[in-house]
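Asker: Okay, here's what each chain looks like letter by letter:
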Amino acid sequence: MNSSSPVLIESPNADSTARSKSYFAFRLIEFILGGVFIYAGAIKAWDPIGFANDIDNYKILPWVIGVRLAFYLPWLEILCGLALITHRFYVGGLAILTALVSIFMVATIAAKIRGLDITCGCFGHASKNLNFSWHLALDLVLLATLLVVYVRAASGNGLSLKKNPYDQKT
Amino acid sequence: MNIRAPGFFIAIILSIFALASARAELKWEQTALELRPAVGDKEAVGHFKYENIGKTPVRFKSVHSSCGCTAAQTQKDEVAPGEKGEITATFKIGDRTGTQVKTVTVQAEDPANVTTVLTLKAVLPEMLSINPTFVYWTAGEEAKPKTIRVKAGKDFPAKNLSVTSSNPEFLTKVESASEGEWKINVQPKETTRAMAGALTIKPDFPKESPKLFYANVSVTGAVAPAPVRVAPTATPGGH
Amino acid sequence: MNSRVVRQALVLVALAFVPAIGQAIYFRDKVSWQSPIPASESVTVVQARAWGANAVWLDARPDEEFARDHVPGALSLNEDHWNELLPQFLATWSPEKKVVVYCSSQSCNASREVARKLRSEAQLKDVFVLQGGWEEWLKSKK
Numbered sequence: 008m009n010s011s012s013p014v015l016i017e018s019p020n021a022d023s024t025a026r027s028k029s030y031f032a033f034r035l036i037e038f039i040l041g042g043v044f045i046y047a048g049a050i051k052a053w054d055p056i057g058f059a060n061d062i063d064n065y066k067i068l069p070w071v072i073g074v075r076l077a078f079y080l081p082w083l084e085i086l087c088g089l090a091l092i093t094h095r096f097y098v099g100g101l102a103i104l105t106a107l108v109s110i111f112m113v114a115t116i117a118a119k120i121r122g123l124d125i126t127c128g129c130f131g132h133a134s135k136n137l138n139f140s141w142h143l144a145l146d147l148v149l150l151a152t153l154l155v156v157y158v159r160a161a162s163g164n165g166l167s168l169k170k171n172p173y174d175q176k177t
Numbered sequence: 122m123n124i125r126a127p128g129f130f131i132a133i134i135l136s137i138f139a140l141a142s143a144r145a146e147l148k149w150e151q152t153a154l155e156l157r158p159a160v161g162d163k164e165a166v167g168h169f170k171y172e173n174i175g176k177t178p179v180r181f182k183s184v185h186s187s188c189g190c191t192a193a194q195t196q197k198d199e200v201a202p203g204e205k206g207e208i209t210a211t212f213k214i215g216d217r218t219g220t221q222v223k224t225v226t227v228q229a230e231d232p233a234n235v236t237t238v239l240t241l242k243a244v245l246p247e248m249l250s251i252n253p254t255f256v257y258w259t260a261g262e263e264a265k266p267k268t269i270r271v272k273a274g275k276d277f278p279a280k281n282l283s284v285t286s287s288n289p290e291f292l293t294k295v296e297s298a299s300e301g302e303w304k305i306n307v308q309p310k311e312t313t314r315a316m317a318g319a320l321t322i323k324p325d326f327p328k329e330s331p332k333l334f335y336a337n338v339s340v341t342g343a344v345a346p347a348p349v350r351v352a353p354t355a356t357p358g359g360h
Numbered sequence: 321m322n323s324r325v326v327r328q329a330l331v332l333v334a335l336a337f338v339p340a341i342g343q344a345i346y347f348r349d350k351v352s353w354q355s356p357i358p359a360s361e362s363v364t365v366v367q368a369r370a371w372g373a374n375a376v377w378l379d380a381r382p383d384e385e386f387a388r389d390h391v392p393g394a395l396s397l398n399e400d401h402w403n404e405l406l407p408q409f410l411a412t413w414s415p416e417k418k419v420v421v422y423c424s425s426q427s428c429n430a431s432r433e434v435a436r437k438l439r440s441e442a443q444l445k446d447v448f449v450l451q452g453g454w455e456e457w458l459k460s461k462k
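Chains as they are written, first to last, in my numbering: chain A, 8 to 177; chain B, 122 to 360; chain C, 321 to 462.
Next up, chain A with everything else stripped away, as it sits in the complex (with noise of 0.2 Å):
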């Protein structure tokens, strides 16, 4: 699979309509989930202070690193969402959500053993009402739709990540 052009192979059996239905589909799931991290992003990027004061209420980073922290990884979340959509670093973008997300993931788990009272912070403070195990689930959500994304696009439908996914061009 080293040719230079781009590789789009079919399956034999491929009916046109599954296929650009599940074209649709699946790129509907794309401008959801990029949209999800894009609206999550922007409430982060919109109130950077409170982000700051969350990340602190972890207790993993010091101050000093967290406020910078917070002025960066919305925009990050909101650049890696736009990829999502616009297919444009796409599988850069989608290794970076799923980074992301995972160390969320894991830094709520360690807050919750120690104890500590944390209000989420990845929503902004409009989640401040959402307990412990819905906010997991619905990261859990966010992880498991990436990593099908990032499968999907790494195989099925015989398209090669050499090129832009979905790249039509022969």
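No wet-lab data here; the hints were simulated from the structure.
Glycine is no exception: its CB is placed at the ideal position from the N, C-alpha and C atoms.
Among the hints, erroneous ones may be present.
Claimed, not checked - Under 10 Å between C-beta atoms, here's a sample of chain B residues computed to sit facing chain C: (1) 188; (2) 214; (3) 228.
What the hints assert, rightly or not - Partial selection, computed: residues in chain B whose CB lies under 8 Å from chain C: (4) 253; (5) 254; (6) 319; (7) 335; (8) 337; (9) 341.
Using the hints, position chains B and C against chain A.
Answerer: Relative to chain A, chains B and C alone:
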């Protein structure tokens, strides 16, 4: 990245999640409650209902709140399997305004140590907003009147305002600025010595027992003030 | 293929710096970059004691805690009895005084709330929250 990696990853996360939730035996109907007390309410009470859905009794090790203003009580110390109960959080409003968020931390044991944080959000009604709540003159400053703006919030349909001063050396005059807005002009008779007073602002709402508000005035300076009663005039049924 | 992921990720990581730095510049004076409480709004015990008679100490803790023990000369001012306690504090206040508000420890919110109300409602200047709170003051007494 190996295609099998995601599956492995998911398995790890799922098992952590399963582990975390398996130990919880108390199911809470809601762990966050939003209350909207009415004008004149002294307390806001939240009932956090729970049920023991596990097979062993759950014992409450400690129930304590984030501040002295919220009393949290549990009716029973031990909850048998299948039993239901509630933790009652009583938030004493006091002189607070705005939206107040208080938490109650419940530590349960048997079989496992589980900490649950219950959140009580009290959205207090917008009553009168007084800006500023304190005006002062420095000794020797010209005794010109200063203005305090009062605005009625949407939950507070007051039509009239009356103001009394605890210290007769401070003169007050109320003028209506617009619907639900007033200007209180205060002026000390003189600023030669230090003195202080409290203004009691009485709106005509609620009709049966109008809620009282306060502002403070003073002439500051190094001269020892003549003994003056500075506390606001208390009325029965007030705070 | 791995290098592709890394390359793209690095581009995104680098691009995110642009709006982040822009926002940080916009907020540069509004954020405390070194410690959780803005530097101009908090004070250490040592500093506060150095102000001597020029400082007015306010105890933001509940009445029972104040009654049990408090900084000598401190006045009680908490949210439960704000209207009742505020006048006696304001009667002693003058513009050159520095107000030091404390409560039970660094993470207790009462002192920050009281300080905020004094700054925004009563419009007082020079209102500070005591770093480390009551515990820190006790330590400095020894």
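Asker: If a hint holds in the structure, say so; if it doesn't, say that too.
Answerer: Now the hints, each set against the structure:
1. 188: OK, holds: residue 188 of chain B within 10 Å of chain C, min 7 Å.
2. 214: At 9 Å from the nearest chain C Cβ, residue 214 of chain B passes the 10 Å test, so the hint holds.
3. 228: violated, 18 Å
4. 253: Given a least distance of 4 Å, the restraint on residue 253 of chain B holds.
5. 254: holds, 4 Å
6. 319: At about 5 Å, which falls below the 8 Å cut-off, the nearest Cβ of chain C leaves the hint on residue 319 of chain B intact, so it holds.
7. 335: holds, 5 Å
8. 337: holds, 5 Å
9. 341: holds, 4 Å
Checked against the numbered hints given earlier, the structure breaks only hint 3 and satisfies all the rest.
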